[in-house]
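Trainee: The hints should help you fit chain B onto chain A, whose structure is shown.
Residues per chain, in single letters:
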Amino acid sequence: MAFDAFQKRKERQLLWLLLPALVPLLILTIYPAVYAVYLSMTNEALTGVAAAKPRFVGVANYLRLFSDGRFWNSLFVTFVFVVGSAIIGQFVLGFISAIALRRKIVGAPVFGAAILLPNAAPEVVAGFMWISMLAGGDHATLSKILVFFGLPYVDWLQTFPLFMVVMVNTWRGIGTAMILLTAGLAAVPAEVYEAARMDGANPRQMFMRITLPLMAPTIFLYMLISTVSTISVFGLVYALTRGGPGNKTEVISVYIYNQSFTAFQIGYGAAGAVVALVVSLALGIAYVRSLKVEV
Amino acid sequence: MSFGPAVNAQMNEKFRYSEKWKECSILSCRQNVSVYIWVVTLRDMRRRRAVREEIVNKLVAGGLAAIALSLLAGTANAESLRVALHGQAGIDAFTPTAERIEKNLGIDVEIVEYPAPDKDYMTKLLTELAAGNGPDLFSIPSAADVADMVAAGYLAPVGAELAAWPEYADFVDVAKQLAVSPDGETYVVPYILGIQQIYFRRDVLEKAGISTEQPEDWADLLARAKEIKEKTGSFGLLFPAGVSWGGGAFDEGFSHLIIGSSTPQLVTEDGKFDLTSQGVLDVFQFYKDLIDADLMPVDPLLGPEPWVIPKYEMFPSGELAATTCGSWCYIFDWGRESRNPIPDVTNVVGTWADPGQNGGEFVLANLGAPWAVNAKAANLELAKKALLEAGSVENQIETAARIGNIPASNAVQKDPRFQALTELVPIQAAANHGTYLKQATGMSVVSEGVARATEALLRKETDAAGAQQILVDHVRQTLGDEAVK
Numbered sequence: 001m002a003f004d005a006f007q008k009r010k011e012r013q014l015l016w017l018l019l020p021a022l023v024p025l026l027i028l029t030i031y032p033a034v035y036a037v038y039l040s041m042t043n044e045a046l047t048g049v050a051a052a053k054p055r056f057v058g059v060a061n062y063l064r065l066f067s068d069g070r071f072w073n074s075l076f077v078t079f080v081f082v083v084g085s086a087i088i089g090q091f092v093l094g095f096i097s098a099i100a101l102r103r104k105i106v107g108a109p110v111f112g113a114a115i116l117l118p119n120a121a122p123e124v125v126a127g128f129m130w131i132s133m134l135a136g137g138d139h140a141t142l143s144k145i146l147v148f149f150g151l152p153y154v155d156w157l158q159t160f161p162l163f164m165v166v167m168v169n170t171w172r173g174i175g176t177a178m179i180l181l182t183a184g185l186a187a188v189p190a191e192v193y194e195a196a197r198m199d200g201a202n203p204r205q206m207f208m209r210i211t212l213p214l215m216a217p218t219i220f221l222y223m224l225i226s227t228v229s230t231i232s233v234f235g236l237v238y239a240l241t242r243g244g245p246g247n248k249t250e251v252i253s254v255y256i257y258n259q260s261f262t263a264f265q266i267g268y269g270a271a272g273a274v275v276a277l278v279v280s281l282a283l284g285i286a287y288v289r290s291l292k293v294e295v
Numbered sequence: 001m002s003f004g005p006a007v008n009a010q011m012n013e014k015f016r017y018s019e020k021w022k023e024c025s026i027l028s029c030r031q032n033v034s035v036y037i038w039v040v041t042l043r044d045m046r047r048r049r050a051v052r053e054e055i056v057n058k059l060v061a062g063g064l065a066a067i068a069l070s071l072l073a074g075t076a077n078a079e080s081l082r083v084a085l086h087g088q089a090g091i092d093a094f095t096p097t098a099e100r101i102e103k104n105l106g107i108d109v110e111i112v113e114y115p116a117p118d119k120d121y122m123t124k125l126l127t128e129l130a131a132g133n134g135p136d137l138f139s140i141p142s143a144a145d146v147a148d149m150v151a152a153g154y155l156a157p158v159g160a161e162l163a164a165w166p167e168y169a170d171f172v173d174v175a176k177q178l179a180v181s182p183d184g185e186t187y188v189v190p191y192i193l194g195i196q197q198i199y200f201r202r203d204v205l206e207k208a209g210i211s212t213e214q215p216e217d218w219a220d221l222l223a224r225a226k227e228i229k230e231k232t233g234s235f236g237l238l239f240p241a242g243v244s245w246g247g248g249a250f251d252e253g254f255s256h257l258i259i260g261s262s263t264p265q266l267v268t269e270d271g272k273f274d275l276t277s278q279g280v281l282d283v284f285q286f287y288k289d290l291i292d293a294d295l296m297p298v299d300p301l302l303g304p305e306p307w308v309i310p311k312y313e314m315f316p317s318g319e320l321a322a323t324t325c326g327s328w329c330y331i332f333d334w335g336r337e338s339r340n341p342i343p344d345v346t347n348v349v350g351t352w353a354d355p356g357q358n359g360g361e362f363v364l365a366n367l368g369a370p371w372a373v374n375a376k377a378a379n380l381e382l383a384k385k386a387l388l389e390a391g392s393v394e395n396q397i398e399t400a401a402r403i404g405n406i407p408a409s410n411a412v413q414k415d416p417r418f419q420a421l422t423e424l425v426p427i428q429a430a431a432n433h434g435t436y437l438k439q440a441t442g443m444s445v446v447s448e449g450v451a452r453a454t455e456a457l458l459r460k461e462t463d464a465a466g467a468q469q470i471l472v473d474h475v476r477q478t479l480g481d482e483a484v485k
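One line per chain: the protein sequences are A and B, in this order.
Position one of the first sequence corresponds to residue 1 (the numbering used here), numbered consecutively onward.
Position one of the second sequence corresponds to residue 1 (the numbering used here), numbered consecutively onward.
Bound-form chain A, shown alone (with noise of 0.2 Å):
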């Protein structure tokens, strides 16, 4: 009776502690992710008669969703994108460096001031700035070098487009993975490579049975966090190419950006927003599943 007693006057201490998490947590998330389940499923728009007299039309918005092929093609330029830049991007260099921070090595503090330098320019800061090299024309950084080389200058926006928004989003997310990844090598106790060294095994014998499976719950940690980040990222895209060339960068953010305050179409924008959140929660719940990762 007095343990009922103390584990309720607990639980109600514990809820009063996640009070100031939770009240943000739902007015800020909670509220607008059904406030756009509802919004999909009107006809309202930022201009026009749906402006002033918005109707609810069911599922009409997700049902042209799914035939838009645009918004295909932009599930299938994110897919691309997270793969690219998230997954294999900045996992292989972050885990890379996170190794090389690792050893001592000669100006290791200075290698990692230099990867986490991108993170302390904002999105659009970084997009800009590399429209100022990728660019077309003769000003732009890389046609000054191919040209000093003597090779004629590339439009790498036009040419490459999404190689290219995958590679400067990889160079922004490289930081952040390093540091996930150094804190996860750390946890693993330096016992077992000195047991296995012991046993003869190789450095490339210790990685693949020692590292990568102790670093494995980190890694899917890391994984989990990337992709749902990757698949939200807007502003580094929009300020590169806006979706362009034709529709050839358009991930699934800026497609709902598009729909939405482009053409102004905000019910038919939410429905793409909740097909967006379904799949990053569909992910995420994979991720967590698949590993058992306590989150």
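Simulated from the structure, these hints should not be mistaken for laboratory data.
A hint or two may mislead.
Think about it this way: if two alpha-carbon atoms lie no more than 27 Å apart in a straight line, the pair counts; the simulated BS3-like pairs of lysine-lysine are [said to hold, decoys possible]: (1) B:K119 with B:K460; (2) B:K460 with A:K53; (3) A:K248 with B:K460.
Mentor: The following block gives chain B in isolation, referenced to the frame of chain A:
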């Protein structure tokens, strides 16, 4: 026996100027010291609290004084008006008018700078208007947006004010007609016009021995573009297209052709959109012919700011020999206000009227960023008075000088300041002969549909019939089946 290091440190600190603690016995001394430390700490706390209170009091007093001063400053003019402007040229052009409004109406004008590209400006403006916190006075870059903003309830009717305004009698008829919304009311002051034609590099054509005569019809125009490409290697003709150009794909591209087609209007008598017509199909076929023959620079049109390379780089350098443009090109794009001016622009760059599909000549007229009043303006009457100042002859001339649009009032013909703008004088005199597209609610959706359809053509994803289907589908899906004839 010795005290702990912490106590010793405190004693040294507190009794720095006293030797009394050395005189007591160890036990009593330790008690005395403890008591003394508490007393000193308490006194210290009180002193700090006093200092803190003093600082807080000073901050509060200072803050109150600042608020009072700002209130006093704010009441220099009891009323204020928030005006949305975008683009440095627009801000420079409007600044003298803002000063006149302040002087004549005795109010403060707060100029708020919005994002420069029209598309981003409209996004911010519409979002704010929808949220109910839009500016009191603003301009609308694309005339295709006006009817939809009226339908959304964002614009205050100003027909009565314009009718009672003596200066309005001098406005050319085409401007007044363009300002009337589908419901018969007027919601904007049509102070300047965009008079558009095809601009070509006379020097490039003459040098290559290509005719500079007015093309007779679309076939002749296309043949001229091909000849330019063959003889000079330059792109022969540009019609703005694609999603990135925003409203320009419709206003500065598609409209030039549809007015000369077999079905020159998009809106039927009952207010529906006639988009399945032969004229619309033929316009898209003309785009396709230009693109397939590589007569139009396609790559720049798919980039984020598609006007920059063709208009500001390729045309001045002669890499592009002809393009649709408005009177502003003689001043803003390639003239004295340009960053990349063409020397002797009025002689080097000539104009052709838009040829009709089967003959005829058309000069496209549309409203140039008309001013409107927010229906939810804090002080509607005041905002309407300021609107008339924005429509004044002075603002028309200042805008013409900075940007190159055509003043809507015939009164400018007697004004020496306008007479000095020699590039614009003959165009203004002929403004009343302009042809224009009838507006209807939903026109902004048609404009977006045209942008999407022409984008598909640019990317060579479809043919003319497919582009027309993209336009029809977009309008049907957005406005409903009943909106399309």
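Trainee: Each hint needs a verdict: does it hold in this structure or not?
Mentor: Taking the hints in turn, this is what the structure says about them:
A distance of roughly 25 Å separates the Cα atoms of K119 of chain B and K460 of chain B; the hinted pair therefore holds under the 27 Å criterion. Between the alpha carbons of K460 of chain B and K53 of chain A the distance comes to roughly 38 Å, so the proposed pair goes past 27 Å and is violated. Between K248 of chain A and K460 of chain B, the direct Cα distance comes to roughly 14 Å. Compliance with the 27 Å bound is thereby established for this hinted pair.
Violated hints amount to a single one, hint 2; each of the other numbered hints is respected by the structure.
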